[in-house]
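Participant: For the record, the sequence lines run as chains Y and W. In case it helps, the numbering used here puts the first sequence at residues 1 to 115. In case it helps, the numbering used here puts the second sequence at residues 1 to 111.
Don't read these hints as lab results, they were simulated from the structure. It is possible that some hints are incorrect.
Here are the simulated DSS-like pairs of lysine-lysine, each with C-alpha atoms no more than 30 angstroms apart in a straight line [said to hold, decoys possible]:
(1) K14(Y) - K103(W)
(2) K9(Y) - K37(W)
(3) K42(W) - K14(Y)
(4) K9(Y) - K103(W)
What follows is a list of derived Cβ distance ranges for each label pair [to be verified]:
(5) F10(Y) - T78(W): 21 to 29 angstroms
(6) Q60(W) - G51(Y): 30 to 38 angstroms
(7) F10(Y) - E39(W): 17 to 25 angstroms
(8) K68(W) - V88(Y): 43 to 51 angstroms
(9) K58(W) - S69(Y): 41 to 49 angstroms
(10) E39(W) - G63(Y): 47 to 55 angstroms
(11) A70(W) - T97(Y): 24 to 32 angstroms
(12) S12(W) - D73(Y): 39 to 47 angstroms
We treat Cβ as the ideally placed atom computed from N, Cα and C, and that holds for glycine.
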Amino acid sequence: NAGVTQTPKFQVLKTGQSMTLQCAQDMNHEYMSWYRQDPGMGLRLIHYSVGAGITDQGEVPNGYNVSRSTTEDFPLRLLSAAPSQTSVYFCASSYSTGEGLNEQFFGPGTRLTVL
Amino acid sequence: GENVEQHPSTLSVQEGDSAVIKCTYSDSASNYFPWYKQELGKRPQLIIDIRSNVGEKKDQRIAVTLNKTAKHFSLHITETQPEDSAVYFCAARGSNYKLTFGKGTLLTVNP
Chain Y
1 NAGVTQTPKF
11 QVLKTGQSMT
21 LQCAQDMNHE
31 YMSWYRQDPG
41 MGLRLIHYSV
51 GAGITDQGEV
61 PNGYNVSRST
71 TEDFPLRLLS
81 AAPSQTSVYF
91 CASSYSTGEG
101 LNEQFFGPGT
111 RLTVL
Chain W
1 GENVEQHPST
11 LSVQEGDSAV
21 IKCTYSDSAS
31 NYFPWYKQEL
41 GKRPQLIIDI
51 RSNVGEKKDQ
61 RIAVTLNKTA
71 KHFSLHITET
81 QPEDSAVYFC
91 AARGSNYKLT
101 FGKGTLLTVN
111 P
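Isolated chain Y, as found in the complex (with noise of 0.2 angstroms):
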């Protein structure tokens, strides 16, 4: 299993421009939540789905927008980047059992600086 993948690693925008990160998975996970992490504040959720074809907002949905069409795959899309969207994105996924949601996989991170 190659587990969560993020597409690209780097990316470097222009202000205004637009753009998708790409996330999957391969291990079946029902939910999947994209997070942006700032130095000193730690991990903050944007969007999040619970399945195929649900998704709703996390804490700093703005400027954001998501969809899941498929199980596997969850994009992000960034309709006109600014400056402060300048971050490090995870993309992340788990699963649940009669105990309720279980650990949450991280994928490698998207380091997107917009000037």
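Model the placement of chain W on the given structure of chain Y, informed by the hints.
Facilitator: Below, chain W without anything else, positioned relative to chain Y:
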């Protein structure tokens, strides 16, 4: 929504000493509390987790305790080693499936 506070933000210990990191949460419905370790430039990785029906869990040199009444949980690392140096994050997950993270603790273990 859930709010998770983590202390201290930095912690420096001598090799062989113990390290304790504490977190508090606000949502009494939260029922899953993982701890993640993140080395520089790497992804966060789970080191231990605890559910709300358990008060303490151990895995070799690492233990986590949970006090549901006070809404706080702690990570204990004994016999620290230089390779324990990293940023540690606590988190809490409520009934809405969202995982809320603390801001992290930079642990430095000095040889």
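Participant: None of the hints should be skipped; say for each whether it holds.
Facilitator: Against the structure, the hints come out as follows:
no., hint, in the structure
1, K14(Y) - K103(W), "29 angstroms, holds"
2, K9(Y) - K37(W), "20 angstroms, holds"
3, K42(W) - K14(Y), "26 angstroms, holds"
4, K9(Y) - K103(W), "23 angstroms, holds"
5, F10(Y) - T78(W): 21 to 29 angstroms, "38 angstroms, violated"
6, Q60(W) - G51(Y): 30 to 38 angstroms, "35 angstroms, holds"
7, F10(Y) - E39(W): 17 to 25 angstroms, "19 angstroms, holds"
8, K68(W) - V88(Y): 43 to 51 angstroms, "33 angstroms, violated"
9, K58(W) - S69(Y): 41 to 49 angstroms, "42 angstroms, holds"
10, E39(W) - G63(Y): 47 to 55 angstroms, "29 angstroms, violated"
11, A70(W) - T97(Y): 24 to 32 angstroms, "28 angstroms, holds"
12, S12(W) - D73(Y): 39 to 47 angstroms, "42 angstroms, holds"
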